[in-house]
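A.B. asks: The lines below spell out each chain.
Number of protein chains: 2
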Amino acid sequence: MKQRLGIALGLALALMSLLGGPARAESGYDLWLRYQPVEEDYAAANQVAALVTGQRSPTLDAAALELKRGLTGLFGTPPAQGSAVAADGALVIGTSKSMPAIAALGLPLQGLGDEGYLIRSVSIDGHKATVIAANSDVGVLYGAFAFLRLIGTRTPLANLDVASSPKTRLRVLDHWDNLNGTVERGYAGASIWDWPALPEHVSRRIIDYARANASIGINGTVVNNVNADAAFLTTEYIEKEAKLADALRPFGIRLYLSVRWSAPIELGGLKSADPLDPAVKAWWQSKVDEIYRAIPDFGGFLVKANSEGQPGPQDYHRTHADGANMIADVLAPHHGVVMWRAFVYANDPKIDRATTAYNEFVPLDGKFRDNVVLQVKNGPLDFQPREPFSPLFGAMPRTSLMMEFQITKEYLGQQTHLAYLGTLYEEALKSDTYEHGPGSTVARVIDGSLDHHPVSGIAGVANIGNDPDWCGSIFNQANWYVFGRMAWDPEISARAVADEWVRQTFSNNPAFIAPVVDMMMKSREAVVDYMTPLGLALIMAHGHHMGPGPWDTIGPREDWKAPYYHRADAEGIGFDRVASGYVAQYHAPLKDAFAGVATTPEDLLLWFHHVSWDYRMKSGRTLWQELVAHYRKGVDEVAAMQAAWAKLGDDVDPERYAQVRDFLAIQHREAIWWRDACLAYFVQFSRRPFPEGYKPKYPLSYYEKMPYGASPKP
Amino acid sequence: MKQRLGIALGLALALMSLLGGPARAESGYDLWLRYQPVEEDYAAANQVAALVTGQRSPTLDAAALELKRGLTGLFGTPPAQGSAVAADGALVIGTSKSMPAIAALGLPLQGLGDEGYLIRSVSIDGHKATVIAANSDVGVLYGAFAFLRLIGTRTPLANLDVASSPKTRLRVLDHWDNLNGTVERGYAGASIWDWPALPEHVSRRIIDYARANASIGINGTVVNNVNADAAFLTTEYIEKEAKLADALRPFGIRLYLSVRWSAPIELGGLKSADPLDPAVKAWWQSKVDEIYRAIPDFGGFLVKANSEGQPGPQDYHRTHADGANMIADVLAPHHGVVMWRAFVYANDPKIDRATTAYNEFVPLDGKFRDNVVLQVKNGPLDFQPREPFSPLFGAMPRTSLMMEFQITKEYLGQQTHLAYLGTLYEEALKSDTYEHGPGSTVARVIDGSLDHHPVSGIAGVANIGNDPDWCGSIFNQANWYVFGRMAWDPEISARAVADEWVRQTFSNNPAFIAPVVDMMMKSREAVVDYMTPLGLALIMAHGHHMGPGPWDTIGPREDWKAPYYHRADAEGIGFDRVASGYVAQYHAPLKDAFAGVATTPEDLLLWFHHVSWDYRMKSGRTLWQELVAHYRKGVDEVAAMQAAWAKLGDDVDPERYAQVRDFLAIQHREAIWWRDACLAYFVQFSRRPFPEGYKPKYPLSYYEKMPYGASPKP
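Top line first, the protein sequences correspond to chains A and B. Counting from 6, one number per residue, gives the positions in the first sequence under the working numbering. Counting from 6, one number per residue, gives the positions in the second sequence under the working numbering.
In isolation and in its complexed conformation, chain A is listed as follows (with noise of 0.2 Å):
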């Protein structure tokens, strides 16, 4: 029987394929949950023959379906569906409480706590059988997801013994989505929330965001712009949030919103949102027992105040503690939380913007309740392709803090560079901030273990929209899943989750994965070197942040212009953040270390110090020549992804192999764009000599003159 079905599931893909169908071209909507067929020997050895299930619920239901639909794709069988263990190779699911069998088991549940899973390889009955444990439903739903990756990288299923708990508490997607459907710093379309259809219509790919999201333990989801419109808190829309919630409650994701400070007065008529006013804090309850009415399971608030001109509680002379509190007084009784951002700069070119927000909320520390979270960006100044991490990491030890990394890659090539941003995160939560001495990570800040907050978390802003396969590009689509999987586990490494996405994405064929893993590890340096190498950041032209913008000097505030950041000159080039103050931020041995030029890790010398052109670099090479080195580096990395991915069109189906394809084409010619811009730039403050067989193709007046989008042919 398994074999004709076999030869019938041959034959229907031979017929989908002849149809057009997506066995054929493939446009990425199904993300790293495709569930194609597994290899004939791999199938034989691992076969799942029965899927046990015991009590039901809305997250039960889920893992159940998710389970049937990947076995069936994988295995191209669908599992025998019961209650009971009647033979060898039964899949068993649920909780201690929901299934009898498992309870019977006496497995140790109590470590895994409220979300995580166990697999395991058992004997019920006198059969062999693997179960999904957990203490809760939607620790069940998590281990269907793992369970069904494990199936994915072609893990053998025979002797399990699986079990992991997420580290962090929130685990979070921002989405950037405004009201009229626009994404802020989108490169994927519109926004995939339908409003207009809302309540009364929730489409398939909202389901299908849940079940993906829960396929990499995300479980919460700000649905709307740090920038907030106030419409938001109407009754109207928090009717259309309830729909929303409700069709994401079963995949364990909570919904949260970002509020405008200022709601108080332009929804509820008053003259002031000053925290510490009774009736602001009257409207905020009375608005947030409305919400609660419909969203019973509602998360909380993400709020950016008094930062790039939203208003905020500063505006009434009360500090961000003030707010931050009042709100989460109101949210407490509902077990709601604050998520307050720090991404706050003055506007005086005197001080170093990158040292504000430790100045600003350093003070504050002890100050927040309990269920505040301070949200703080992983480098001081804005998701550049690397900077060090932020000094507020380590330097509050009485206040939660969680991560806000930027999935959508504003400032790293946005829809078509491939940058796998793995290898951003993992520097970053690795990073040491000897709060408490050597091993005090970024990572055990944020998952709350160094200084034992309760809250803990990481928040992504996301790069999701209503593009066919939903992130731009199907490489982006990597960076929503390492999202995912290192807010689960701060510390699993960016190799071994592009690993996992490669195999369940394209292909277990060996020899496309190494090729294709390399690839993705060296993409994010690649970008580093042809946009802003050796520590410089905030180089690209105002506005949009796609193109080279060294020049720019468009705006009316000195620290959005680029000079304020290169600080380029006859000298030298690079910030000198001693004199700012900024390093004296750092715990030793970090501020010691930053603050000579010899002891600067080289890829941030410019970011700490202004720095000699001819200072000579470790490589024996002066900084202008290290510089150049750098940049025609990034342009030659992405010649070598570009003849990687030549050889690799056999492993992937024909439409996802073209957009990768001619994505890399474009990602080449805007990285020389990169490259001759800057160094036409630079050259001008450098005066010394390109080294052999290197030269920009135009004068500088042509890349300063060229509008954007516009990088040209090389």
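No wet-lab data here; the hints were simulated from the structure. Hints are not guaranteed to be accurate.
Just so you know, same-sequence chains aren't split out, so a pair can sit in one copy or run between any two.
List time: in silico DSS-like cross-link candidates among lysine-lysine, alpha-carbon distance up to 27 Å [what the hints assert, rightly or not]:
#1 Lys710 <-> Lys292
#2 Lys638 <-> Lys248
#3 Lys372 <-> Lys133
#4 Lys700 <-> Lys102
#5 Lys623 <-> Lys652
#6 Lys276 <-> Lys710
For chain A, the structure is supplied; the task is to place chain B on it using the hints.
C.D. replies: Then chain B, alone, in the frame of chain A:
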């Protein structure tokens, strides 16, 4: 063999359904080109055994590929492919030149022109065969789609003799798509043009867009918004546009651009954009030459000039003809056309906005070059649920006029409301202008036959975006479809098109077709009734044009305010367009009929006259009672659509079924909103009682304060 493959296909489909593939849940991506299996008895009688092709070209390849894809899907078996007829049941495609067997048949191809096709059952070498023949490759492509449509609508193929040629030359979609990926008045997600990925990458979606257009005969696309960004004319964008044009060319689709009149200033650095300035003309000459070097079959320009703040020739005291002719002269050697929009109106509250385009353009009749075509909206205002036809049609015999319809439903419920626009288009096209006496229909004006113009055409403002279903809803797809079919033949009936669209999009089950076609045929009138009955217009809320706003007086211009249009007062309601001079713009006998209240069609009564609340209508009701009756009828019609759809779940996949069901629920809620808000407003003036059993749910102030998207629950 056939039977065995039939079984295999059945199995394949069953498995696909099991796998949760597209056979079960349809996103709508496949539009009306779904090619789902036909019923067994139809297949038995009509199976196409072989596809016979001759010389190849990109367009002939597209035709053959589409036939292969379509026949495989429809009949479950791929047709054999060959170059000669060897048995009964062959389908032979080509031109006399590409296929000698077709030349040998001596078919009457002369009358088909450049784009027409002939489908005929013939005998070749003693074998029964069908030919798809044309004078051009694109004619063959159109014939291929027509042949698949015959199968999709279950026409017996035994004795075919079909000949068809388009009656209009330019059949164009106008995309109001912006450089940044947003779409003005778009309700289907982001733009389908992925500018950042061009010129390197053209996605599958663009090819499917071209296929869909070719299937209904659309032969041009204006890719950017009429509120145009000059950047679309830069060298960098021309290179991107050239790649799009390359992708569209095999499907017979020419690319056009909207141009910003002041581009010579913005891009060329000139001081002026005066059309009579030789430097300005030289700039356009050079730009046009550059475009044609990149796109040899470039279609031409669409221009919105001196309209709603756009620059234009009047800025230099030149006429629209001066402007259009200058550009036309530059395009003429390349056989390009200028589509010059007649959408102009003055900012003078004393002038009836409906009269302005006529007053501005009729004096210019005869002054335009042969390759200029005036693009005139169907009504004199702006794409209202109902307007009389623009009096420009029939008033400019010496000028080519093309129709501008709106496919996107800016004023008809936007994304979610079900409103089939076939009836609106039909009403406009069948309107008699009486230019040369009875029978001088608008259709004959715009197909060029009435006054013997070589250039003729129809443009439709596209409703296409990056949403999975392209149009924001499944039923919105019908409006794209009917636009194309009516552009090909302005005299085809809306009902016939609805019927063929339903068959291809959903089901050939008669028990399904009849009620769904009925819903479609009544749907636009329902919108008229619950939004703007009896000739009301432009009482939508300012800006978004979605909800009711008869009270709306926001904005700087009198003619952007709702009371300017409805003129409700204690006496009555409606706009006296006899006094305004508008009625006189029509030919007799229309101007005589419209001059009298009693002789004006009641569905346009308030458009033409200010009428007493107590005026006795043909129904016997007073005007006030009639107004209330229409608003109520509109809501009731939506309820009837809901009831009809509730019975039709068996013939539609669950995903598309649920979308229609939920969107009808939204439409019902919002129809009630429209009804109650408008009647709560108008009763202030009428001060007459509501008919028994009806009263708006909330007071007027409630509706006036409601934000966008916030219709109350019924």
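A.B. asks: All the hints need checking, so say for each whether the structure fits it.
C.D. replies: To see whether the hints hold, each was checked on the structure:
1. Taking identical chains as interchangeable, the C-alpha atoms of Lys710 and Lys292 lie at most 27 Å apart only when they sit on different chains, with a minimum of 19 Å there against 50 Å within one chain.
2. Neither within a single protomer nor between protomers do Lys638 and Lys248 lie at most 27 Å apart by alpha-carbon distance, with minima of 50 Å and 30 Å respectively.
3. For a Cα distance limit of 27 Å, the shortest separation of Lys372 from Lys133 qualifies neither inside one copy, at 55 Å, nor across copies, at 89 Å.
4. Proximity of Lys700 to Lys102 under the C-alpha cut-off of 27 Å is found in neither arrangement, the shortest distances being 70 Å within a copy and 54 Å between copies.
5. Neither within a single protomer nor between protomers do Lys623 and Lys652 lie at most 27 Å apart by alpha-carbon distance, with minima of 35 Å and 77 Å respectively.
6. With identical chains, the CA atoms of Lys276 and Lys710 are at most 27 Å apart between copies only, with a shortest distance of 19 Å across copies and 47 Å within one.
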